[in-house]
Amino acid sequence: MEMVRNAVRSVRSIHYRQLATQIISLGMIVTSALIIWKGLMCVTGSESPVVVVLSGSMEPGFQRGDILFLRMTKDPIRAGEIVVFNVDGRDIPIVHRVIKVHERQETGEVEVLTKGDNNYGDDRLLYAQGQLWLQRHHIMGRAVGFLPYVGWVTIIMTEKPVIKYILIGVLGLLVLTSKE
Amino acid sequence: MHSFLLRGNAVLTFALTVLAVACVLASLTDTLHSSKPEVNVEILSVDAFGRNPGGNDEVVLTLHISADLQSVFTWNTKQLFVFLAAEYESSKNVLNQISIWDSIIQSKEDAKIHRRTRNKYSFVDQGSNLRGKDFNLTLHWNIMPVTGAMFSEKRVLTGFRLPKNYM
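From first to last, the protein sequence lines stand for chains D and L. Each residue of the first sequence is one higher than the one before, counting from 1 in the numbering used here. Each residue of the second sequence is one higher than the one before, counting from 1001 in the numbering used here.
Keep in mind the hints are simulated off the structure, nothing from the lab. All the given hints hold, so there is nothing to weed out.
Cross-link-like lysine-lysine pairs, in silico, DSSO-like; alpha carbons within 30 Å at most:
1) L:K1036 <-> L:K1154
2) D:K74 <-> L:K1154
3) L:K1078 <-> D:K74
Please take these sequences and the hints and turn them into a complete structure.
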């Protein structure tokens, strides 16, 4: 309670130049985060260099809440690789393992079938109506590394947006009222 | 400079940084590890070979898979995803890789595989190129870490051939 009263008092006593400085430093933090994100997209060659595992279909290797680091290179897609792909018409990417590869002579075009390690059957049920294979353009990246548990923050913020607003509100208040 | 929140923030940032560095170092130790796996696969019998309802060649095999992957485990290994892929070339496709069996090994003690089994996943061609076909059986294992980078290794076994005629 004391903290809130102090915070309100310091907001009221703020000078305009100081306020402008605080807002600019907040902006700098946000834009540098954006720069890092975009930079990662360039370096890894993938539209989403980091994804959070949302389902249990790759257990016990990847649990819900883990994060995966992705890279996309021009290397051909081979069986055993864990790839992230988008099905036409769905916007949630799926992270599963490639179990079948058929690469054409001449063109090098590839048809690929995927399956979640923890699923009984392959992903044909997840693909679009009538689609039997994934092509290269469906695939957004390969999983190359992994950190456990860190992704829970994102899952909580997505499933309970209230927490996202509270967090941003508190952070904004902290930056505005700090005397640095 | 000494408020509770600022101290909390400093401690949290430091803790997360140390954790991140520890994860990277743990992952780096994996690059120093050398393994001596032993792998052997035999085809015990071809149980069925013909055209499936989709018009593509399909074959059912009984295999004996034996492998010792204990030396692949490091202290940073969470599990090994092991799979056996049939690999061959056809007139249409420069490469066909078909995973016909897989298994998850979660501890070093379980890493000795001695399995006699039918192929778990269907061995189906795109077309009918399998009669008399020479193919490799490659055992791949994906080393999934507790934290950090994932690695993948394999052992290629050549010299397998499917029957000249459907059965």
